[in-house]
Amino acid sequence: MYWGSLSEFLEMGGYGLYVWTSFIITALCMVWEILALWRRRAAAIAESRGIVRDIG
Amino acid sequence: MIPWFGTVAALAIAVGLYIGLLVAPTDFQQGEAYRIIFVHVPAAWMSMFLYVVMAVWAAVGLGLNARLSFMMTQAIAPTGAMFTFLALLTGAMWGKPTWGAWWVWDARLTSELILLFQYAGVMLLRTSIDDQRRADRASGVCALVGVVNIPIIYFSVQWWNTLHQGASVSMTAAPKMATVMLTGMLLMTFGFWMYSLAVILSRARCVILERESLQLWSKPSSVAEVAGVR
Amino acid sequence: MLQAVSLSCRRGDRRLFSGVNVTVQPGTLLAVVGENGSGKTSFLRMLCNLLAPEEGAVLWHGVDIRRLKEQYYAQLTYIGHLNGIKDDLTATENLLLTAALTGDRPSEASVRDALEAVGLKHRIHHLPTRVLSQGQKRRVALARLWLSTHPLWLLDEPFTSLDQAATALVTERLRSHLQSGGLAVVVTHHEVALPSEMVQRLRLDG
Amino acid sequence: MSRPGLWETLRGIIWRDVLLAIRRRSDVAISVLFLVIVASLFPLGVGPEPAVLRTIAAGVLWVAALLACLLSLGRVFTADYLDGVLEQMLLIPQPLPVLVAGKVFAHWVVSGLPVVLLSPLLGLQFGLEGEALGMLVLSLLLGTPTLSMIGSIGAALVLGVRGSGLLVALLVLPLYVPVLIFGAGAVTSSMAGIGGEANLSLLGACLVLSVFFAPWATASALRIALE
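Protein chains in written order, with the numbering used here: chain X, 3 to 58; chain P, 4 to 233; chain V, 218 to 423; chain G, 33 to 259.
Be a bit skeptical, because a hint or two may be false.
Stated by the list, open to error - Partner residues are not named here, just some residues of chain P that face chain G (Cβ under 10 Å, in silico):
#1 Gly-124
#2 Arg-136
#3 Leu-147
Hint data in this document are derived by calculation from the structure and do not stem from the laboratory. For every residue, glycine included, the Cβ atom is placed at its ideal position computed from N, Cα and C.
Generate the whole structure from the sequences, applying the supplied hints.
Structural data, given as structure tokens:
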């Protein structure tokens, strides 16, 4: 383990703001993409089921 | 398949983060800010790699007239655009403390920005054409033409002697530490790669489903087949 | 000889027609009829390789037209539902330029004759076609038929916005083309007033 | 029935478009006027300081030329698409990419060439002199055909698409960037005394590349658009 303490880890030698913003935004983007896809998939399945029920 | 890729991605990213944030030592020149490269470099690589993959699918689609390949191009574009955006954003986060500026008009940054516009162009062209077949093919041609930008981004660092550092992250630290950093970065890249595979495949499935329902509306005769399959 | 072999067409997500088989022999005319949206225009555009068929092929003397390409284009005269004439050029200029591009080399005198053959008076030959009426513009477009030396004619609704006199003139021109061994495919709502042994009908519906 | 030679057909294609431009001189005049106005706005915005104007001259004039080209892209195929002439062009018994190249050349003659001819005047407005002025003209002469070539791909892709004017800008401008960099770079480096030859040869390379690939891409885009 490289870090001495938690606060040191969070501070990142004074660059904490930049480093953590980068990591957090990246994580947010990925999570958001997964969620958006999940909803899109649910909508697509619901729609095709609906059509099958309506017509068939 | 998709859950498998997802799990591998989560594992690789977790280990990569552990190495990158907790194990890897600091860089003598850049201080702790260098740790941004653990997301920046993989995102930048993925942004270029995904564009090439997208263009290859477009070429296959145009050459063989295969609808499935066009669905793949459609599925890749948003993820590629997201990684391009992330590469630019994390680049700015890295640039501010090291260069003292959020943005510089350096060849690599500019060409990466152009890549973002190209992704946007491909996606917008698709959405503004109503006819599915024409949308597929036109955006395919557009993606293929844009491929000329990829070597420009990739080699920009060598061609123009600019602010952005060389391709293989310059290791000012001792070689042993470099190996740790490299391991972390490669793991992150692998994780991002697996993540992209999972996301893109699942988006492709959405696209297939959506197009299928669109067809069902106009062709009720095949409802029975589809209903039988499901 | 022009052949369509199990030709299928899909526009967007709609299947317009499928499994169309038809052969056009020299000296005959194929009249394509059907309701609006039944795919008549798409069928004609497939015959001249502007539209790729979903299935099937179009053969010219037994060879796929996608293979012949330019060699095939040199055989055909296509007049779509758009006139293909430039509003800022005169009737004479339009015909001279178009004919030169498609491989006929008419003299200015023959262009004048063609325009007179479709009933356009001499004084409007040198006006920009912008000032002409719809029917007159259509006549300028159809005047290409009098200049055409190509064996295959593909015409999309040639009689729209034509008066009876002009319709008769075009029909007469079609007859002489067929009599000299030419082929024609005509998409039309109007009856083509030609002897029945010259005309073959193809009805497209669903 | 004789097939006309390739050159004859090409001449026909080019002549028709040039003739049309002569008939509709106002279209050409508009894009030239646009260039002059855009270029004249900068001294008003930046201030009349000659030293400042000279440093931004290359970039400003190149960007103005690029925008003027973008503005005229709508004219390459749209009118032909609407009146059916484009459909007829696809059925001309000659290879389509060559015909497209002819059409793009005609577009350059009526919209790029006036820009090149006008550029020395605009350069003088910005205080460019001697070698730099010559370099400006030369770089535009080599660069504007590339702009037309690349632009034609975008113009063909967005044919008949809603919002095509803005879309074509988004598709084409990213690909214009290298031309802009090398073109403006040629002028700047000749002003700095380094000589712009390196940039000129890069511009030449862009031109050669685009002449080889763009007509082919445009031709396939046109076939897609007309399906």
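Hints, one by one, checked against the model:
{"no.": "1", "hint": "Gly-124", "verdict": "holds (5 Å)"}
{"no.": "2", "hint": "Arg-136", "verdict": "holds (7 Å)"}
{"no.": "3", "hint": "Leu-147", "verdict": "holds (7 Å)"}
Consistency with the previously given hints is maintained throughout, with no hint failing.
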